[in-house]
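Here is how the chains run, residue by residue.
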Amino acid sequence: MEIVVPVKQVPDLVEELVIAPDGTRLDPDSIKLKLNEFDEYAIEEALLLKDAHRAKVTVIAIDAEGVDEILFTALAKGTDRAIKVTGDFSDGVDSHTAAAVLGEVIKGMPHDLVLTGVQAADDRDGQLGPLLACALKVPHVSVVTGVHLVGNRVTINQEYAGGVVAEMEVDLPAVLGIQAAEKPPRYVPVSKVRQATKTAKVDEVAASAVPAVPSTLVRRMFKGESGGKAEMIEGTAEEQVERILAILRERGFLK
Amino acid sequence: MSGVWVIAEQLEGKLSEVTFELLGRVRELALGGRVVVVLLGHGIKELTPELGAADSVILVEDETLANYTPEIYRRVIAELARARNPRLIMVANTSMGMDLAPGLSGELGIPLVAYCKDLRAEDGQVVAVSQLYGGKILVESILEGGKGLVSVLAGAFRADAGKKAGTPQVETVACPALGTPRICFKSLLRPQTGDLDITKENILVSVGRGIQSQDNIPIVEELAKALGGALTASRPIVDNGWLPKSRQVGKSGMTVKPKLYIAVGISGAPEHIEGMRDAELIIAINPDVGAPIFDVAHYGVAADLFDILPVLTEKIRPPQ
Numbered sequence: 734m735e736i737v738v739p740v741k742q743v744p745d746l747v748e749e750l751v752i753a754p755d756g757t758r759l760d761p762d763s764i765k766l767k768l769n770e771f772d773e774y775a776i777e778e779a780l781l782l783k784d785a786h787r788a789k790v791t792v793i794a795i796d797a798e799g800v801d802e803i804l805f806t807a808l809a810k811g812t813d814r815a816i817k818v819t820g821d822f823s824d825g826v827d828s829h830t831a832a833a834v835l836g837e838v839i840k841g842m843p844h845d846l847v848l849t850g851v852q853a854a855d856d857r858d859g860q861l862g863p864l865l866a867c868a869l870k871v872p873h874v875s876v877v878t879g880v881h882l883v884g885n886r887v888t889i890n891q892e893y894a895g896g897v898v899a900e901m902e903v904d905l906p907a908v909l910g911i912q913a914a915e916k917p918p919r920y921v922p923v924s925k926v927r928q929a930t931k932t933a934k935v936d937e938v939a940a941s942a943v944p945a946v947p948s949t950l951v952r953r954m955f956k957g958e959s960g961g962k963a964e965m966i967e968g969t970a971e972e973q974v975e976r977i978l979a980i981l982r983e984r985g986f987l988k
Numbered sequence: 043m044s045g046v047w048v049i050a051e052q053l054e055g056k057l058s059e060v061t062f063e064l065l066g067r068v069r070e071l072a073l074g075g076r077v078v079v080v081l082l083g084h085g086i087k088e089l090t091p092e093l094g095a096a097d098s099v100i101l102v103e104d105e106t107l108a109n110y111t112p113e114i115y116r117r118v119i120a121e122l123a124r125a126r127n128p129r130l131i132m133v134a135n136t137s138m139g140m141d142l143a144p145g146l147s148g149e150l151g152i153p154l155v156a157y158c159k160d161l162r163a164e165d166g167q168v169v170a171v172s173q174l175y176g177g178k179i180l181v182e183s184i185l186e187g188g189k190g191l192v193s194v195l196a197g198a199f200r201a202d203a204g205k206k207a208g209t210p211q212v213e214t215v216a217c218p219a220l221g222t223p224r225i226c227f228k229s230l231l232r233p234q235t236g237d238l239d240i241t242k243e244n245i246l247v248s249v250g251r252g253i254q255s256q257d258n259i260p261i262v263e264e265l266a267k268a269l270g271g272a273l274t275a276s277r278p279i280v281d282n283g284w285l286p287k288s289r290q291v292g293k294s295g296m297t298v299k300p301k302l303y304i305a306v307g308i309s310g311a312p313e314h315i316e317g318m319r320d321a322e323l324i325i326a327i328n329p330d331v332g333a334p335i336f337d338v339a340h341y342g343v344a345a346d347l348f349d350i351l352p353v354l355t356e357k358i359r360p361p362q
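Here the protein sequences come in this chain order: H and X.
Oh and the first sequence: position 130 is 863 in our numbering, straight run, nothing missing.
Oh and the second sequence: position 69 is 111 in our numbering, straight run, nothing missing.
Note that these hints are calculated values from the structure, not bench results.
Using N, Cα and C, we set each Cβ at its ideal position, and we do this for glycine too.
Be a bit skeptical, because a hint or two may be false.
[As the list claims (entries may be wrong)] Calculated Cβ distances over 12 Å to all of chain H for the following chain X residues: (1) R69; (2) P91; (3) Y157; (4) G166; (5) I184; (6) K205; (7) A219; (8) D346; (9) E356.
[As the list claims (entries may be wrong)] Have a look at the derived ranges for each label pair, beta carbon to beta carbon: (10) H/E749 with X/Q211: 32 to 38 Å; (11) X/L238 with H/R984: 22 to 28 Å; (12) X/S98 with H/E749: 44 to 50 Å; (13) X/Q254 with H/L978: 53 to 59 Å; (14) X/E322 with H/S941: 30 to 36 Å; (15) H/Q928 with X/G85: 27 to 33 Å; (16) X/K56 with H/K840: 37 to 43 Å; (17) H/K934 with X/T222: 47 to 53 Å; (18) H/G968 with X/L238: 46 to 52 Å; (19) X/R162 with H/K840: 52 to 58 Å; (20) H/P754 with X/N244: 29 to 35 Å.
[Stated by the list, open to error] Computed cross-link-like contacts, DSBU-like style, restricted to lysine-lysine with a CA-CA straight-line distance of at most 35 Å: (21) X/K267 with X/K87; (22) X/K299 with H/K988; (23) X/K228 with H/K870.
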């Protein structure tokens with residue numbers, strides 16, 4: 734079985750996010766990029782399937798600064814192949830563009846299962862998975878936890894609100910948006926990644942012309958109102974603790 | 043081209059709140075044209091009187107639609123949309139909507155703005171405000187001529203504006219022949235409550251990404267214990283395997299309504315807020331004063347949890 738896992742980087746949300754002076758995008762110099770955490774689960778799910786069924790796993794990413802590192806990290810974790818799709822992406826890559834570009838490349842390679850992260854922090858124009866499935870003309874399911882191979886189909890769980898889960902059977906090939914892998918993503922030591930950068934290789938594939946896709950104009954990017962509705966408790970840590978205690982006492986949670 | 047479509051969401055013959063939230067908002071927007079609810083399922087005709095806020099309902103009933111699957115639902119809606127050309131299609135950003143919105147956008151070739159927290163009408167255009175980057179950044183996008191697709195976060199709008207009993211015009215449409223489905227529904231599984239049913243607890247102290255490491259979780263657990271409450275978590279903590287799934291609050295976890303909810307190191311991604319916004323008293327502790335958790339909290343402390351929690355727990359804990 735051939736599994737393809739498209740991955741991308743997103744801004745690290747733990748860091749302060751700074752909006753660029755033009756007000757329509759994040760300041761590229763201020764953001765620290767990291768692998769989209771849901772892609773991390775997609776890689777893990779692919780590796781679990783590889784362990785169980787001797788599947789072959791290929792990670793694929795559109796060229797961007799720092800992308801080599803995430804591809805080598807995936808190789809160090811045990812993926813079989815890494816592909817970097819090169820081209821002129823200076824206008825940025827939204828989900829529709831990524832789906833068109835990656836779709837073209839994936840069409841030309843074996844793909845029984847494509848596992849994407851269910852979402853990314855910046856997919857303003859929607860999640861990659863269903864768009865990629867449209868490009869590949871294969872079925873898609875979002876918010877998937879648990880993928881089990883049964884013959885030429887997979888049994889998957891789709892999560893709904895309140896912990897309710899739908900079990901479905903999906904014919905292969907298919908695209909699945911992974912919400913969480915059945916195990917936490919495996920850890921790979923830095924030394925192993927460094928070794929991979931020396932011994933493994935990232936294949937480069939040139940994108941065909943970046944297609945025009947339906948899109949909308951960003952008028953403005955801004956931060957939420959600070960402290961929106963909450964009454965903010967100010968003061969030193971000690972004063973803040975005292976105020977919390979007073980609130981809890983007042984509401985009868987403390988005697 | 044006319045009208046606004048709201049794609050209804052129903053599970054086991056019950057309409058989701060978010061359907062009414064969308065319906066209420068589109069009524070307030072007054073974009074012009076008819077407001078049409080598209081309702082798919084089997085044996086669900088009796089739901090239509092609940093949709094009185096709509097001008098009409100397109101009802102597609104078929105055995106193959108009895109349970110949601112992404113493929114068939116998308117294809118049926120796409121086929122209807124191709125034939126009738128609605129101006130704007132509104133989908134909830136739920137598990138189903140995350141299949142349908144991009145799926146319809148891809149299939150119909152129309153633009154999509156996802157994760158919408160607000161929608162406004164301006165000079166014939168629709169301005170959609172997406173909540174991105176874990177809820178930290180808002181982005182205004184313009185749907186030219188008000189045309190396209192939006193997927194809207196659950197809880198973004200009030201449901202009561204969309205809850206109007208009445209008799210909308212119902213148009214029953216036969217389900218098109220779709221060939222052999224490539225996705226088959228098997229069964230619906232109920233959540234296992236595991237070690238504890240967190241939906242029944244009065245006091246929840248919830249831990250998020252801000253805790254940084256599994257070794258620090260006892261700091262939050264101690265506060266829960268001191269208050270006589272239970273320890274819960276946001277999704278990243280559970281996905282990391284630091285706490286069991288039964289403790290997860292949010293979209294893919296449990297929806298809780300405790301008397302007291304203390305959010306510790308949780309920035310408040312929309313998926314989390316969906317599961318706890320109805321708690322009676324919410325106190326949030328997070329270093330980032332702009333964190334969206336402060337939009338739903340009643341009281342906020344913009345501070346490092348490590349500076350607050352140990353002292354707070356110590357003062358609450360009854361003298362030994």
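Hints versus structure:
1. R69: holds, 23 Å
2. P91: The assertion about X/P91 holds, with a minimum of 24 Å to chain H.
3. Y157: violated, 7 Å
4. G166: The claim stands: X/G166 keeps its Cβ more than 12 Å from every Cβ of chain H (closest is about 15 Å).
5. I184: Its Cβ does come within 12 Å of chain H, the nearest being 5 Å, so this is violated.
6. K205: holds, 19 Å
7. A219: The assertion about X/A219 holds, with a minimum of 18 Å to chain H.
8. D346: violated, 8 Å
9. E356: It is violated; X/E356 is separated from chain H by about 9 Å at its closest Cβ, not greater than 12 Å.
10. H/E749 with X/Q211: 32 to 38 Å: violated, 52 Å
11. X/L238 with H/R984: 22 to 28 Å: At 23 Å between Cβs, range holds.
12. X/S98 with H/E749: 44 to 50 Å: Once the Cβ atoms are compared, 48 Å apart, the range 44 to 50 Å for H/E749 and X/S98 holds.
13. X/Q254 with H/L978: 53 to 59 Å: violated, 25 Å
14. X/E322 with H/S941: 30 to 36 Å: violated, 56 Å
15. H/Q928 with X/G85: 27 to 33 Å: The hinted range 27 to 33 Å is violated for H/Q928 and X/G85, with Cβ atoms some 60 Å apart.
16. X/K56 with H/K840: 37 to 43 Å: Holds, at about 40 Å.
17. H/K934 with X/T222: 47 to 53 Å: violated, 41 Å
18. H/G968 with X/L238: 46 to 52 Å: violated, 35 Å
19. X/R162 with H/K840: 52 to 58 Å: Taking Cβ atoms as reference, X/R162 and H/K840 lie about 39 Å apart, which means the hint is violated.
20. H/P754 with X/N244: 29 to 35 Å: Distance hint for H/P754, X/N244 is violated at roughly 48 Å.
21. X/K267 with X/K87: At roughly 49 Å apart (the allowed maximum being 35 Å), X/K87 and X/K267 break the hint.
22. X/K299 with H/K988: holds, 22 Å
23. X/K228 with H/K870: OK: X/K228 and H/K870 at ~23 Å, within 35 Å.
Hint compliance for this structure: hints 3, 5, 8, 9, 10, 13, 14, 15, 17, 18, 19, 20, 21 are broken, all remaining hints hold.
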